[in-house]
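J.: One letter stands for each residue in the lines below.
2 protein chains.
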Amino acid sequence: MNVLITGGAGFLGQKLAKQLLSRGSLKDAQGVDQMIDQLILVDVVEANDFGDQRVKVIAGDISNSALCQSLITTDITSIFHLAAIVSGQAEADFDLGMRINLDAARVLLETCRALGHQPKIVFTSSVAVYGGALPEVVLDTTALNPQSSYGTQKAVCEFLLNDFTRKGFVDGRVLRLPTISVRPGAANKAASSFASGIIREPLNGHTSICPVSPNLRVWLQSPRYAIESLILGHDLHARALGVNKAINLPGVAVTVGEMIEALRNVAGDEVVSRISIKPDSQIEAIVKSWPASWDATRARQLGFSGDENFESIVRAYVEDELNGKK
Amino acid sequence: MNVLITGGAGFLGQKLAKQLLSRGSLKDAQGVDQMIDQLILVDVVEANDFGDQRVKVIAGDISNSALCQSLITTDITSIFHLAAIVSGQAEADFDLGMRINLDAARVLLETCRALGHQPKIVFTSSVAVYGGALPEVVLDTTALNPQSSYGTQKAVCEFLLNDFTRKGFVDGRVLRLPTISVRPGAANKAASSFASGIIREPLNGHTSICPVSPNLRVWLQSPRYAIESLILGHDLHARALGVNKAINLPGVAVTVGEMIEALRNVAGDEVVSRISIKPDSQIEAIVKSWPASWDATRARQLGFSGDENFESIVRAYVEDELNGKK
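Chains as they are written, first to last, in my numbering: chain A, 11 to 336; chain B, 11 to 336.
There's no promise every hint is true.
Same chains, same names: a pair is fine if it fits in one copy or spans any two.
[As the list claims (entries may be wrong)] Straight line, CA to CA, 30 Å or less: simulated DSSO-like cross-link-like pairs of lysine-lysine: (1) K199 with K177; (2) K298 with K177; (3) K336 with K28; (4) K336 with K25; (5) K288 with K177; (6) K37 with K177; (7) K288 with K199; (8) K298 with K199; (9) K66 with K25; (10) K25 with K298.
Simulated from the structure, these hints should not be mistaken for lab results.
The whole structure should be built from the sequences, with the hints applied where relevant.
T.: Following this line, the structure appears as structure tokens:
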């Protein structure tokens, strides 16, 4: 089978690609394991191909329908659509957010519909589709109410993917990811960038500014479980999903203060002393609008699992990204 | 002030236009009554101008951005966006539904954003944004879960209108209308067309086929209250609406059997004998996915009112459309 990953040069795209190459197979629509013959990574910058002959790297803008049509043929039976403009950037550059987060998804869906071969599409959504007055724990039945352009664009694509799936144009599934922490690499323009930065920077010997107050609650998932969830979300049989294809994935509910204490337990006072708290009202407003936890019963029934606690997430980062050094 | 009505030749557009001409004014963003200087009615067919010099009729497709840009200038301070492909037709012709129900709204919103004058936009939404496993009474906090392409397109536009409003590009408000009954005129391709047809046709001496079973529950609003709601929805101050601009309007909950009995009470056995019941599984599936009632507390707090019961709706139709003859 041939697999396409949009946003293939991004942090999740690269980790997913590596994991798929190591597994070597995915389940098809009938639930049968199929060897991955080709893995296409498309992104605005060239992705790492890991020196693997199965990988084909394409640099380009997937909101361009000609590119999209050239990439997606009836041979592409699985698409992980990860390409996105992150929350802070989509809020600052409305047109760019609409183009990549909404129009590109539409182009992708229409391209698949025109081909008629009903590929599996795994679409990643986010805590940002929720907002406004929220219950303590968000349920599957809680209304989406995005309070950012990023969240709006994700919510819109969820509905489109559901309808394209209901009509039989694609076989879609939506994974709503908690905020991913600890992301490796550099800070980005996501409003939630700090949720990785306040752990990653101090562990790498650098200072980090935390733009939200320590009592702010966040809902987190490690990169390890995010990747595992993307693959399980792909492999699920369409029948298992019911009429709403969106799944709220398991996460860990913590305050920012508790995150800092978990870092102290893992790495000590000196590392924690590199964090300084300087609230930024714009970032705080966006992050505060997101749910601090949601009910993941459905996800667990479908076989998804999650991190034990935030300390285990910090330890996983140290293992995976720092070779155990802290 | 200059007012634009899209779908201005349609049944609601024409009734709204007539009512606006008779009132002569609407409230501006500050809540001050302003005379209506011009009322532009755009639709694919030429609307009736009621021989009123304030009315300007334009025939054209509002998904055409050049037309949209020529219609919307900074002089247009209020837009009632009523143009839509109805549920049954949007399900049968996916491309047409996407173009008119989604793309045209996007063009309209982007045109307003480019002008920067933040017009009021009244957008009509529908019971069709809900679906799946629903509570007995749908609440404001119930998740949208459309099970038709029409419902999906309406839900998507609700989110876009909310975000364009949050960003300050427009001053939007969404009115979720119950199924309108009794519509005058001919049957249309809405899955809910029968909800008017089984009353209207027999009262006009014609037979009518009811494509759903008598125990199916529906949520209805008369044209009178729909028009009153559109005007109040326009006149509300943006501050009154909070972060979610969608309002579930008051309706009347009845079974189809109860509708028929109300007709019997108003017009007698002979009129009712013109109805025959022949269930159509496709129509029943769409209508069944809609809520049979929703909580309209918020709407009532904002000043919206509704019909007393279905018998009063039938009597209003006889008064308004048949000059009291039955």
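J.: Taking the hints in turn, state whether each one holds.
T.: Hints, one by one, checked against the model:
{"no.": "1", "hint": "K199 with K177", "in the structure": "between (36 Å within a copy, 19 Å between copies)"}
{"no.": "2", "hint": "K298 with K177", "in the structure": "between (36 Å within a copy, 18 Å between copies)"}
{"no.": "3", "hint": "K336 with K28", "in the structure": "within (24 Å within a copy, 74 Å between copies)"}
{"no.": "4", "hint": "K336 with K25", "in the structure": "within (22 Å within a copy, 71 Å between copies)"}
{"no.": "5", "hint": "K288 with K177", "in the structure": "between (49 Å within a copy, 26 Å between copies)"}
{"no.": "6", "hint": "K37 with K177", "in the structure": "within (22 Å within a copy, 42 Å between copies)"}
{"no.": "7", "hint": "K288 with K199", "in the structure": "within (17 Å within a copy, 58 Å between copies)"}
{"no.": "8", "hint": "K298 with K199", "in the structure": "within (17 Å within a copy, 44 Å between copies)"}
{"no.": "9", "hint": "K66 with K25", "in the structure": "within (16 Å within a copy, 59 Å between copies)"}
{"no.": "10", "hint": "K25 with K298", "in the structure": "within (28 Å within a copy, 44 Å between copies)"}
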